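Novice: Using the sequences and the hints given, assemble the complete structure.
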Amino acid sequence: DVKVTQSSRYLVKRTGEKVFLECVQDMDHENMFWYRQDPGLGLRLIYFSYDVKMKEKGDIPEGYSVSREKKERFSLILESASTNQTSMYLCASSRGDAGSGNTIYFGEGSWLTVV
Amino acid sequence: AQTVTQSQPEMSVQEAETVTLSCTYDTSESDYYLFWYKQPPSRQMILVIRQEAYKQQNATENRFSVNFQKAAKSFSLKISDSQLGDAAMYFCAFNPYNTDKLIFGTGTRLQVFP
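Those sequence lines, one after another, are chains A and B. By my numbering, the letter at position 31 of the first sequence is numbered 31, and the numbering carries on one by one without gaps. By my numbering, the letter at position 107 of the second sequence is numbered 107, and the numbering carries on one by one without gaps.
Do not rely on the hints blindly, as some may be mistaken.
Incomplete in silico selection of chain A near chain B, CB under 7 Å [unchecked claim]:
#, residue
1, Asn31
2, Gly40
3, Gly42
4, Leu43
5, Leu45
6, Phe48
7, Ser100
8, Gly101
9, Asn102
10, Thr103
Don't read these hints as lab results, they were simulated from the structure. Just so we're clear, the structure is a prediction, and the values are computed from it rather than from any experiment. Note that CB positions come from ideal geometry on N, CA and C, so glycine has one too.
Specialist: Structure (structure tokens):
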């Protein structure tokens, strides 16, 4: 069964802390994504990675960075967390060899609260 | 820039009835994909249905079907014989050609009443 695993479901962090959100997929997918979900705004793409060590900015990259050292793992980093980064974060993955229209597989999400 | 609009923040339906969720999008591309994703309270997003823009035939998956109007840039989801388990947030998503970076609408929360 396809699996995208986000290691932390619920986190509470203090303003200014460095935060790591980890995501692992077991499908040997080339593409991995980090989305942010907020009520009334839907899902917005933060960063996208199409291969190990390769990344592209999404629509809202400010305040975030990412790391992909291994194919199966994609980390989202908040260098200095702020209260406006309180949100639900969704990791996703897809095959990279079929152009577009692939099924995107999502993790269960990480609820981050910054106080 | 491509955009996706879901104008119904909330919808409700009685069990066994039919409901239609609306979605419109804006693009200048001719080749693309459209999706409906479901997000139940457990929060795991799952694919409901996919439509390829170059196919005129509307996609169907069991009780779920779409009405794809390419010229009108409209992509509505019809759920027939609604079940309590259909209660969820539904997101419409646009997939440009040659990438998997989806553009999502703001979602429609569907309630199903017994």
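Novice: If a hint holds in the structure, say so; if it doesn't, say that too.
Specialist: Okay, the hints, checked on the actual structure:
1. Asn31: holds, 5 Å
2. Gly40: Holds, about 6 Å.
3. Gly42: holds, 4 Å
4. Leu43: holds, 4 Å
5. Leu45: holds, 6 Å
6. Phe48: Since the shortest Cβ distance to chain B is 6 Å, the answer is holds.
7. Ser100: Holds: closest Cβ of chain B sits about 5 Å from A:Ser100, inside 7 Å.
8. Gly101: Holds, because the Cβ-Cβ distance from A:Gly101 to chain B comes to roughly 4 Å (cut-off 7 Å).
9. Asn102: This interface hint holds because 5 Å falls under the 7 Å limit.
10. Thr103: holds, 5 Å
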